[in-house]
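Construct all of the structure, not just a fragment, from the sequences and the given hints.
Here the protein sequences line up with chains A and B, keeping their order.
Mapping to my numbering: the first sequence position 305 is 305, numbers consecutive.
Mapping to my numbering: the second sequence position 330 is 647, numbers consecutive.
FYI, nobody ran anything at the bench for these hints, they're computed from the structure.
One or more of the hints may lead you astray.
As the list claims (entries may be wrong) - Straight-line Cα separation of at most 25 Å, PhoX-like style, residue types lysine-lysine; simulated pairs:
hint	chain 1	residue 1	chain 2	residue 2
1	B	K501	A	K287
2	A	K235	A	K250
3	A	K50	B	K516
What follows is each chain in one-letter form.
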Amino acid sequence: MPIIKADKYPLDPYLRTERLPHVWCPGCGLGIVLNAFLRAMQKLGMDPDKTVVVSGIGCTGRTAGYVKMDSFHTTHGRAIPFALGIKAARPDLNVVVFSGDGDLFSIGGNHIIHAARRNIDITVIAVNNFIYGMTGGQLAPTTPETSITTTSPYGNLESPFNMAGLMAIAGASYVARWTTVHARRLEKGLEKALSKRGFSFVEVMSPCPTAFGRRNKMKGIIDSMMYYQKYAIIKDNPNPLDGVIKPNEKFVIGEFMDAEDEPTFDDKLWELTKRDFLETSQADRAKWILEHRRHLETLATLIAGENIAPQEGEMDE
Amino acid sequence: MSSKDIAADEFLSGDAAAAEGAIAVGCRFFAGYPITPSSEVAERMARRLPEVGGIFIQMEDELSSIAAILGGSWAGKKSMTATSGPGFSLMMENYGLGIMTETPTVIVNVQRGGPSTGLPTLLGQGEFMQARFGTHGSLEAIALSPESPQECFDFAIRAFNLAERFRTPVILLMDESVGHLFEKVRIPPQRNIEAVSRKLPEEVPYPPFRADEDLVPPMPPLGDGHHIHVTGLTHDDEGRPEMTPKMQEELMGRLVNKIRLYKDEIMDIEEDGIDDADIVVVAYGITARSARRAVTLAREKGIKAGLFRLKTVWPFPTERLRELAEQGKKFVVAEVNTGQALIMVEQATRKDAVFVGKYGGEPHKPFEILNGIEEALHADN
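If you want it as structure tokens, here you go:
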């Protein structure tokens, strides 16, 4: 195949081009997802200077290293609370978490549920490849039942998470699921997620021929793509509970949740700081002293010569 | 309360004083999870931070609490969390991320009896070693140990100043007795509070790990076009992962030396009656108060004893203790654990020390330490 050389790739302004080529295997879907994300940013005119990408650990976690933005490659499972800290402290920044299914839903599972519940204004791109790729193909919380992995050599006995459904129920403002075959719709979905106020979540089903496919009859580079094409059903406003993925069965993709705008967690945190506290704190203080008066008097008798208990008249003010 | 123009005397618990100290020095971001006996720090922060334009978040656990304050710190806020033993154990991984990514933060650990759930409401000092060796990998830690609510206030200020100065997490290693002790705390007028802030780079973009001569890199703020990359992987000064023995040596060397070479600036030891002492009592936190009384009692009995109080427990004053040992002094170590500072003292002095340990639950009675002093007096070495 001839190698096409171009001076400049349209997404270069968003990429640390000096870090390419990336670490991802041939046939991996992560390039498509990253591409869709950057295109969505470009279309929305999002300022890369004001956008922060936070990743956890794993193949998807390496994304943060390739984007030319402020970016954090954190510890396994903790991308969400790290991102929450950034967003709460700097609500003017766009904060995007880009991580994998194992990072977000196994080791980090508790955090993502709570972030959705709080409705913090961040966007989460959850790349679901059914497997732990970086560590060599172990069972993930998204691995379909009966699938072969290195730690389920006799077939997976567990049921996978319905990630999109879980997020919709936990309180996310926007939830969508697409696959790397549906690249245009994915890009549109990411545009919506990035512009949504509140917690937005996009699950992207993405192939891992190296660690998942080759043990599960999807060895070829396009086999997973064929699987997505064959089994995905696009639905309008599907029920989040119908988001379960079963082996060799049709599965639902589309927008599971697109809620009305509500005040986000970061809005509320900053609104609180603007309240006039002086009056209430003085009243609270007087109340506290009244409530603790008995203790203060006892204490005053203990401390010889120092009467620190409030006098009768002082409390009436 | 603290942002007044005049000094004020408050009657505060150590926990509340630590929170007030943090606010006084400019802490404006707190994320934490309730745990006895540190919950009062979070409660105070929940009430006080919004009043001063700060952000308080109660997180879902300690793993997320420390992750959130690392994020908050990179977002430009002086950030803190507070916890106790079990939560401190959960925080260990991201404490390491804070060290590796050179993120200034303060972690308050109000120690209780352990291991495991142990004695939730009662005293322990079992995280002396964990503060330094609790996370995986090698590192130099900074940890301060207050003996009173006043010091909780003062050391919270110092902890932030050291964190910002050295771009590293600093541990405020309190204990249950100090945390729950109510005493008068003098809160100085705001203008008298010295607040150090991290160095900011002068040029854009500036690599997030390119250090100055003092081995501490300026810290680029987010959103200014620095396009920083920050990773827990071994990285070069641009933050790019470079997993080679050479880079590991270079990076670790700097992370360790930025503390080691400046430890005289960090270490703070109270020496009381050490010069003419035959017996040196080493203690920290609440135990130092019992030790001080024991030393007085010993002096009354004609025994030349002195107090060597670790106001900073890490870095450890190995050289100074060795110097004292070479003068022929004998050592007593008192602490509420099975012998942790003891290991460091014996290593520093190269001789056996008399150990007056308690396993947890209550502070030492002065006579218990006095007995140790008398034992040391009659010991051979």
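Quick rundown of the hints versus the structure:
1. B:K501 - A:K287: holds (20 Å)
2. A:K235 - A:K250: Distance ~12 Å between K235 of chain A and K250 of chain A Cα, so the pair holds.
3. A:K50 - B:K516: holds (21 Å)
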